[in-house]
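Please put together the full structure from these sequences, using the hints given.
Quick mapping for you: the protein sequence lines, in order, are chains A and B.
Numbering of the first sequence is given in numbering that gives the first Met the number 0, commencing with residue 0 and proceeding in unit increments.
Numbering of the second sequence is given in numbering that gives the first Met the number 0, commencing with residue 0 and proceeding in unit increments.
Simulated from the structure, these hints should not be mistaken for laboratory data.
A portion of the hints provided could be inaccurate.
Result set (BS3-like, lysine-lysine): computed pairs, CA atoms no more than 27 Å apart in a straight line [unchecked claim]: (1) 197(B) to 86(B); (2) 197(B) to 377(A); (3) 377(A) to 255(A); (4) 255(A) to 314(A); (5) 336(A) to 119(B); (6) 377(A) to 416(A); (7) 333(A) to 119(B); (8) 86(B) to 334(A); (9) 255(A) to 197(B); (10) 22(A) to 48(B); (11) 19(A) to 48(B); (12) 245(A) to 119(B); (13) 86(B) to 19(A); (14) 333(A) to 197(B).
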Amino acid sequence: MSDVLMPQMGESIVEGTITKWMKQVGDPIERDEPLFEISTDKVDSEVPSPVGGVLEKIFVQEGETVEINTLVARIGDGSGSGGDDPAPVPAAEPQPAAKESSAPAAKAPAQASPAAVNGKAAESGERVRSSPLVRRLAKEQDIDLSLVSGTGQGGRVSKRDMEAYLKGRASAPSAAGVSAPASGGSLGTFRPAPATRFGNHSVEPLSTMRKKIAEHMALTMRLAVHVSTIHQIDCSVIAKARAEAKQKFLEQNGTKLTFMPFFLRASAVALKQFPQINAALDADQVVFHKDVNIGMAVAIDGGLIVPVIRAVDEKSILGLQKSVNDLAGRARDKKLKPDEVTQGTFSISNYGSYGSLFATPAINQPQSAILGLGAIQKTPVVVHDAIGIRSICYATLTFDHRIIDGALADQFMTHLKGVIENWTEPVL
Amino acid sequence: MTVSTLAEVTAGPAPAPAARQRVCEYQDLGRMAYGPAWDCQRQLVARRKAGEISDRLLFVEHPHVVSMGRNAREQNILASPEMLVQKGIECWETDRGGDVTYHGPGQIVCYPILDLTEWKRDVLAYVRALEQVMIDAVAEFGIVAGRVTGASGVWVGGEKLGAIGVHLSRWVTSHGFALNVSTDLDYFGYIIPCGLTKPVTSMQRLLGEAPPASDVQQAIVGRFGDVFGAAMTELTTAAGDDSVAPQRAGARNL
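And the structure:
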């Protein structure tokens, strides 16, 4: 009897979706004959049978997505020996134990006990459901799977359940104490309550990136006192400057000119004027940064990342645009170097490119403020007691009220707004 | 006896081509209907698995055809079957990944038959690599193309220039990518390409005039060799015949 597992189709791939079973239960199959197809975005892959025999069980139906190494099918020799197993998935116990239980004789008394438990569980049909990966972990960590509460489909024990169990076991002796503050952002926070599992649903594991984002976001919301102030900025002057320079800029530099360098420049000027914004709280001290390194939130496959443009105050508009393109491009290709996402002193989130008018972004720890940019839209506004059409943007500053007060935040924004609205710096 | 200077030694062999151990043969099938081209791919895949041939890159231009990938949803074909027949558009359900797309004259379709175990066992890396080939190839014509998060393919300013759909069998690839050179984009109006309500574009539309298809093909061959680290060798057999088993005659290194 042979287990068929969900294969890993690439380094960063943690799960697969079965799109089609090429064989039905009971069908004979040759070794290497296509057994099922799985799909990831744009790629459809045939998975061949690891052995010849008869397809005895299918555990994952078409359209279902499961983690890699999950048991998806079982192939037997056709004698039906696998068919008398009442559980839809294999027993939780490590395979050697299961073999022992069926060994007829010469069994030490000490081994009889677990074997009996195994047999009993099988009879009552209450075997713990789990994947081979989980069973291996259980064996390595010496865990009794019947003690782990499964949150997967049909009470299935997932790797995450195992991790939660291990974590609980590790912290159990000190559980009565106050929880350590540093661990509060850990994944434990996100373990769903059992009440989330109802009705028709599917379950997906968090990717590594998602876990990091979740931890970081929970951390920042717990640490910093987030307050936001929103200013209306007239972008007509920079819109005109950009429109005039756009074509020539593209021809000369092979790259499009966006609004981002303008806001980077304005932020740098304002940060120099108000160093308290370009600062970080470290215990009972405030660290004022002399460098202006601005992080730029970039949406990428499965999450976001904030590469940092260094020495923004020393770069030209062209230099800034090149940095933006380079970092955003490599962020999407996942080719950023580790030191390109650190040492930011301030951040900008340009959610306006997704149509948002205004939002309240979360501060990127250990920074103290983040500028959010809404969509720049032509809007009727009052200009010199007349109604004019101007390119308007709502810009948000979310700041940490522990070290920045509202008055300071608004002075900073007024300064930034002034740079944008009275733009004079040549673009080319 | 030759004496090398220190500079020569440290610089290594002067501009020798990068170490390219693997060979990829490429072949232009010319204009070929979808069905025969698919048969051709399947036979090559079998031969690649059997180790009878090296990696292969097929170029083909299809007559009007709508192909549906494994993830295709019927509602993404907007035209009725009668309408498609009336317009002379074939419709195929295929085993590639992805949704619905259109192929037709003026579009360069590339079908790499590669054994990924000799490259990287990574389907995502493979899709990104195909995108890179297209991005680098169109860059030679001055087009700055890029990727869009969550939407595979190659994009210019929110418009799709190249599409991707791949099938893998024991790590041997088939299907591949399609690049719009001078495609009549109106035909995309019969479908929702890849299920995305985003506009489609072509090199012709972006440049004002269409570059010669042979130039684009050469650019793809060159960049494909770079991205996959393969020495590209042309197979010069007449297209249209049973070119599944072409002779190795006429091979030359680029």
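| Pair hint residue 255(A) and residue 314(A), alpha-carbon separation not exceeding 27 Å | holds (17 Å)
| query | Taking 27 Å as the top limit, are the C-alpha atoms of residue 86(B) and residue 334(A) close enough? | reply | Violated - the C-alpha atoms of residue 334(A) and residue 86(B) are around 45 Å apart, more than 27 Å.
| field | Pair hint outcome, residue 377(A) versus residue 255(A) [Cα-Cα no greater than 27 Å] | value | holds (21 Å)
| said: Run the distance test for residue 377(A) versus residue 416(A): straight-line Cα separation, threshold 27 Å. | reply: The given pair, whose Cα atoms are some 17 Å apart, holds under the 27 Å limit.
| request: Given the hint that residue 255(A) pairs with residue 197(B), test it: the Cα-Cα distance must not exceed 27 Å. | output: holds (21 Å)
| request: Below or equal to 27 Å on CA atoms is what counts here, so check residue 245(A) against residue 119(B). | output: Violated: residue 245(A) and residue 119(B) sit about 41 Å apart, past 27 Å.
| request: Would you check the hint for residue 19(A) and residue 48(B), treating anything up to 27 Å between C-alpha atoms as holding? | output: holds (22 Å)
| Holds or violated: residue 86(B) with residue 19(A), Cα cutoff 27 Å? | violated (32 Å)
| field | Proposed proximity, residue 119(B) with residue 333(A) (alpha carbon, max 27 Å) | value | holds (17 Å)
| query | Is it true that the CA of residue 22(A) sits at most 27 Å from the CA of residue 48(B)? | reply | Holds, at roughly 22 Å.
| field | Given pair status - residue 377(A), residue 197(B), alpha carbons within 27 Å | value | With Cα atoms ~24 Å apart, residue 197(B) and residue 377(A) stay inside 27 Å; holds.
| If you draw a straight line from the CA of residue 336(A) to the CA of residue 119(B), is it 27 Å or shorter? | This hinted pair holds, its Cα atoms lying about 21 Å apart.
The earlier numbered hints that this structure contradicts are 8, 12 and 13.
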